[in-house]
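In the order they appear, the protein sequences are chains U and P. Under this note's numbering, think of the first position of the first sequence as 1, with each following residue one higher. Under this note's numbering, think of the first position of the second sequence as 242, with each following residue one higher.
Since the hints were derived computationally from the structure, they do not count as laboratory data. Mixed in with the good hints, there may be bad ones.
Residues from chain P shown here face chain U by an in silico Cβ test under 10 Å; the list is partial [stated by the list, open to error]:
#, residue
1, L261
2, I406
3, N409
4, M415
5, D419
6, A424
7, H444
8, Y448
9, Q451
10, G455
Derived pair list, reagent style SDA-like, types lysine to any residue, alpha-carbon separation capped at 25 Å [to be verified]:
#, chain 1, residue 1, chain 2, residue 2
11, P, K283, U, G70
12, P, K283, U, T73
13, U, K146, U, T173
14, P, K283, U, E15
15, U, K42, U, T73
What you are looking at is a predicted structure, and each value in this text was computed from that prediction instead of being measured. Glycine is no exception: its CB is placed at the ideal position from the N, C-alpha and C atoms.
Number of protein chains: 2
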Amino acid sequence: MAEKSVYTYRVEPQEVDFTLCATVSALGSAVLNTAGLDAHRKGFGVDALNRQNHSWVLSRMAFELDRRPGQYTDYRIATWISDYGRVLSTRNFTLADAAGEEFGRAVTQWAMLDLASRAAVDLSGVGREHADAIVDAPSPAEKPRKILSVTPVATAEHRVAYSDIDFNRHMNTMRYIDLLFDAMPLDLLASQRAVRLDIHFLHECRYGQQLTVGWERQGDTWLFSIRNEEREAVRASVEWR
Amino acid sequence: MAEKSVYTYRVEPQEVDFTLCATVSALGSAVLNTAGLDAHRKGFGVDALNRQNHSWVLSRMAFELDRRPGQYTDYRIATWISDYGRVLSTRNFTLADAAGEEFGRAVTQWAMLDLASRAAVDLSGVGREHADAIVDAPSPAEKPRKILSVTPVATAEHRVAYSDIDFNRHMNTMRYIDLLFDAMPLDLLASQRAVRLDIHFLHECRYGQQLTVGWERQGDTWLFSIRNEEREAVRASVEWR
Chain U
1 MAEKSVYTYR VEPQEVDFTL CATVSALGSA VLNTAGLDAH RKGFGVDALN
51 RQNHSWVLSR MAFELDRRPG QYTDYRIATW ISDYGRVLST RNFTLADAAG
101 EEFGRAVTQW AMLDLASRAA VDLSGVGREH ADAIVDAPSP AEKPRKILSV
151 TPVATAEHRV AYSDIDFNRH MNTMRYIDLL FDAMPLDLLA SQRAVRLDIH
201 FLHECRYGQQ LTVGWERQGD TWLFSIRNEE REAVRASVEW R
Chain P
242 MAEKSVYTYR VEPQEVDFTL CATVSALGSA VLNTAGLDAH RKGFGVDALN
292 RQNHSWVLSR MAFELDRRPG QYTDYRIATW ISDYGRVLST RNFTLADAAG
342 EEFGRAVTQW AMLDLASRAA VDLSGVGREH ADAIVDAPSP AEKPRKILSV
392 TPVATAEHRV AYSDIDFNRH MNTMRYIDLL FDAMPLDLLA SQRAVRLDIH
442 FLHECRYGQQ LTVGWERQGD TWLFSIRNEE REAVRASVEW R
């Protein structure tokens, strides 16, 4: 049975917001970099999968932050895979400061895509092959929640630009998270309250597409729906605690 | 007489564009972080200046890149101050790969602002105080060029959002550079041609302001003017070589 892997990071100046604390998207970026690095080290990274014309696709993410570390702070991310289903693999993360105190956690669910057919690959076989990589530890937080419906009461527009896209010319995960936080009032973002983000990736948004970010508020929870020119692409909720 | 200082960096996954090479804004961010770090180490960083209610303000920047390093590449930035005028201090940079081959250079000019009066501080006295920090080496590239006028033939709109702002709640330098590159065609950005950027910061853009990015093309040079709701805030040129 495998062990959790631990990677070290530092909050760099370009990762903080006006409060001089790391943004949710910068910490989320470190979480996803950790996933990529760990899969690569264990031989089932995107590079290895591409040789079989497969790739990992992030389907859902839950991200909880009790607090956001300040500029130049060292922190560690531990990661492990807890289980494979037929369609989704679950990769978990805890974020801890240099003293070992946990300040955040994430649960991500990934599908494997066949790049030729654009269909999901059945992970049953993959799960057996990679059984060595599975760690017998539960997810550190509730798995990504289903967001059943969003009825926007306000919207913002965004055209997918060069600075938004990844090597597939699709919108970057973290730029979606920026769009969510850009829609909320600055006082709330300055409040340093604990926060839980749930985000579902339904369809890709491509370079040049015009996106409509819609949202509604239910008490301390903000619900979001991002549409591209064709359909709903991302659904998310941000719960302030 | 002082020596050049050298700092080491690595191109992280969140710093690359769709070509998997570092973006101009990510490398520019490393240049400005180097300036901040070096000033801090030598006792005249923003932290020390703030105690006298002063701060450094970036006035102009010239940035030349022969090529852009790929993801996970190690590189080094050397920095030195070459001279002080009455209003502007000139800080220089060279960027080199792990083998020591130079692939980029920058010249930045900084004013010192009195935060109470919002006026520039006369640097004559400061120059004498910090004479030890001056390195007897010329700037590695032509100093930031004056951009006399821009007559936009096309425009894009951008509202200054949470993800754009620094601790002053002003638009970040690097987000301006993103706006310039977002306006150019993807083919050109994919071409990996050498590039020179000149950028002048005329006025601050604040959270919530609506910006108009205007541009015209003169051969291989793109000229930009960014206006906030009140006036022209930034002027820039991007020359493809």
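Hint-by-hint comparison with the structure:
| no. | hint | result |
| --- | --- | --- |
| 1 | L261 | holds (6 Å) |
| 2 | I406 | holds (5 Å) |
| 3 | N409 | holds (7 Å) |
| 4 | M415 | holds (7 Å) |
| 5 | D419 | holds (4 Å) |
| 6 | A424 | holds (9 Å) |
| 7 | H444 | violated (19 Å) |
| 8 | Y448 | holds (7 Å) |
| 9 | Q451 | violated (12 Å) |
| 10 | G455 | violated (16 Å) |
| 11 | P:K283 / U:G70 | holds (23 Å) |
| 12 | P:K283 / U:T73 | holds (21 Å) |
| 13 | U:K146 / U:T173 | holds (18 Å) |
| 14 | P:K283 / U:E15 | holds (24 Å) |
| 15 | U:K42 / U:T73 | violated (28 Å) |
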